[in-house]
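*Asks:* So the protein lines, in turn, are chains R and C.
With this note's numbering, the residue at position 277 of the first sequence is 359, and numbering never jumps.
With this note's numbering, the residue at position 284 of the second sequence is 289, and numbering never jumps.
Hints are computed from structural coordinates only; laboratory data are not their basis.
Note that the structure is a prediction, hence the values are computed from the model and not measured.
Don't take each hint at face value.
[Said to hold, decoys possible] If we take Cβ atoms under 8 Å as the criterion, some of the chain C residues that face chain R in the derived model are: (1) LEU111; (2) LYS202; (3) VAL279; (4) TYR283.
[As the list claims (entries may be wrong)] In silico SDA-like cross-links for lysine to any residue, where the CA-CA straight-line distance does not exceed 25 Å: (5) LYS209(R) - GLU278(C); (6) LYS209(R) - VAL226(C); (7) LYS353(R) - LEU100(R); (8) LYS104(C) - LEU278(R); (9) LYS209(R) - VAL280(C); (10) LYS209(R) - GLY232(C); (11) LYS272(R) - ARG191(C); (12) LYS272(R) - GLU192(C).
Cβ coordinates follow ideal geometry from the N, Cα and C atoms, glycine included.
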Amino acid sequence: MSTNLVRTMVVIGALAFLGLGLSLPWLKTPAIFVLSYGLAALGVVVMLRGGQISFGHAMYACIAGYTVAFLQRAHPELDGLVLIIAGMVVATLAGGIIGVFVVRYRAIFFGMLNLALSMVLFSLLAKMYEISGGTDGLRIDRPTLAGITFDRSGYESALLIGSLVAAIFCGWLVQRYFRSAAGEALAGIKTNEARLEYLGLSARRILWSGYVISAALVGLSGALFALVQGLVTPEMGYWLRSGEFVFIAILGGSVHAIGAFMGAIVFTVIKLGAAAFLTGVWQMLLGITLIVVILAAPTGIAGLLRIGTRRAPEGGAR
Amino acid sequence: MTVDLLLLALADGVSYAGLLFLVALGLTLIFGVMGIVNVAHGAFFAFGGYTAATFVVALSGPDTPAIVLLLALAAAAILVGLVMGTALEAGLLRRVQDKDPILQLLVTFAAFMIFEDLQRLIWGASPRSAAAVVDSLGTLELFDVTYTRYQILLVPAIAIVAYFSLRAFLRRTRIGKQIVAVTHSREVATALGINAKRIGWFTFVIGAMLGALGGALAAPVTSLVPGVGTDWIVLSFSVVATAGLGQITGALIAALIIGIARSIAVYTMPELEVVVPYLIMVGVLLVRPSGLFTVAQARRI
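Make the full structure from the sequences, and use the hints.
*Replies:* Shown next as structure tokens:
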């Protein structure tokens, strides 16, 4: 039953995105932001599956964004698709290297080490003005997409369609991964790591592969974000951005990949509402919503809709 | 680097380490009893600092005695620790005690976000400071280098007093022993008749006061800007992680290492100043994954 529900929701959601985005031009950028944030939150969801939380994952969005900017500066003729892939590859490589180190830690150590590394990146980018443009960041010109030169509106439409395809594809892949042996083992880290080791599996290696996947997803999100915004700033790697990703992941719930995108939609609506009515209390609003969600619906929106509840999501053996 | 500069860097480093130690002590104490790292600890620092700055600015006139200003700093720390500590512990953390540790961590993170905006609403975005305290205490000359008495005498002295009195408190007093018991095992302590709930609140408030005291003592020598809470939660965590969670003496040593290394970096490689604490933490954790001074723990299966 629940797979049918998910399928229906993906189709309706995709049609809604295309319909609204293409018919109402002012919705185009918010729609791409939703998909980009959703992809990043999907990366965080992968970590949540393993029972780990990272307060620094925005650094991978930042790495991918700056890769796009640097690469375009060196080779202005490069196609947008090449830039996105390059950004994602560099973020994945960075995740692979940093992952070797951080997967040795659990819980708060894992979270804070990621936070510390992202703060290092943030302050280096903000301070090295000659290379990174400091806090002003770097501009990114509109590249061609698949060899076609678009005007502004066409470019955004193409990015919207591209992000939608990427989001659905990544959601499907992540869901496949969750059901694979490696994905089930990842969930086993949360339940009982010692038992996992007794089965002959290396918890570190499993967590590492999850970490690399999550870095790749956040990297893809960052590359898309950089292209649609036309600007990269150190803010992309600030802890608040990481906190927003975590927020979306918790709000949407980690029981199914689709949760990340549902969370991203709600998040963006709150954000637009806050920008219109309540300026300056954005973080407070996020914090309050987060507490309410944790107290009232710890499995998130996806959990409330009973998606992906083949087994009991909470509890189990300790 | 000349000898003068080195001396100056050492003095700065020790003073900075004093602040770091106070904040880290609060964090590690709360971790011991509650079992979670309180991300909102940075907000205690920030509120302590801002409140102290407000008090000092309101009180300082041309001839206010130094002791009044120092008492204002202490009052700010006690007030902030009591109010915010109680609000967070009794209002929020108690409700999520039985939930997944990740969710507990996230609750403190959410509280931190709320506090950050509150702080911006109350004090705005312009820098605040309480420099009058430093001026009122005057300066001191050592080996031909001029130091402020506040930084070279007062801050390290308070840190050392806090260290020894906390140790004595935990070892010699009734409540202190109860805190140690709850830290060791909440369940057994409850079975022995200790009111773990009250001890939890008490420890949390003490920890919050220490965090706020760090902020209040930092207010005279730094300028407070939005975001200062984030810097300090990460900084104090790096001290606590370098030392090992729950290690009080270890935190003192780690604070000295990080404080001095950072201030040497300020004088020699200013671009690296921000990065030094993280580099030390990462370096230590690479070699000893649970910190310098942690004792081995049994694996739970």
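*Asks:* Need the list of violated hint numbers for this structure, in ascending order.
*Replies:* 2
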